[in-house]
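**Student:** In this text, residue positions in the sequence shown follow the numbering used here: the first is 245, and each later residue adds one.
Since no wrong hints were added, every one of them can be taken at face value.
Label-pair distances were calculated between CB atoms; the ranges are:
no., residue 1, residue 2, range
1, Arg269, Arg340, 44 to 50 angstroms
2, Leu296, Leu264, 20 to 26 angstroms
3, Leu303, Val258, 14 to 20 angstroms
4, Ala299, Leu254, 18 to 24 angstroms
These are calculated hints, taken from the structure and not from any lab test. Ideal Cβ placement from N, Cα and C applies to all residues, glycine included.
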Amino acid sequence: MSMFAIVQALVLTVVLLASLLAAFRKLLPQTAKRMQARLSAALDRPGRAAALRRAGSWLQPVDAKSGGCGSGDGCSSCGGCAPAPAAREPVPLHFRPRGR
Numbered sequence: 245m246s247m248f249a250i251v252q253a254l255v256l257t258v259v260l261l262a263s264l265l266a267a268f269r270k271l272l273p274q275t276a277k278r279m280q281a282r283l284s285a286a287l288d289r290p291g292r293a294a295a296l297r298r299a300g301s302w303l304q305p306v307d308a309k310s311g312g313c314g315s316g317d318g319c320s321s322c323g324g325c326a327p328a329p330a331a332r333e334p335v336p337l338h339f340r341p342r343g344r
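The task is simple: from the sequences and hints, build the whole structure.
**Tutor:** Here is the structure:
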């Protein structure tokens, strides 16, 4: 196997993994945030190396950094913090005959 083939395979692997990650985050945003928060919490524990703690705090989702419950799913995801949305009355439909 030539060096070119090895480099080509590595580049294609990186592109494929980046594409899969982007699709995962686009199609399953809540699950992606939850997994990111779990990874961040696992890395940012007391007693870990400084580099791992720095990586864990860098990986922490923006929602968890901004306060709240820190679930990583955003506000009102569990229904515990925010009040329930007000019930809306249905809008009645009015049908009119077509003019000929």
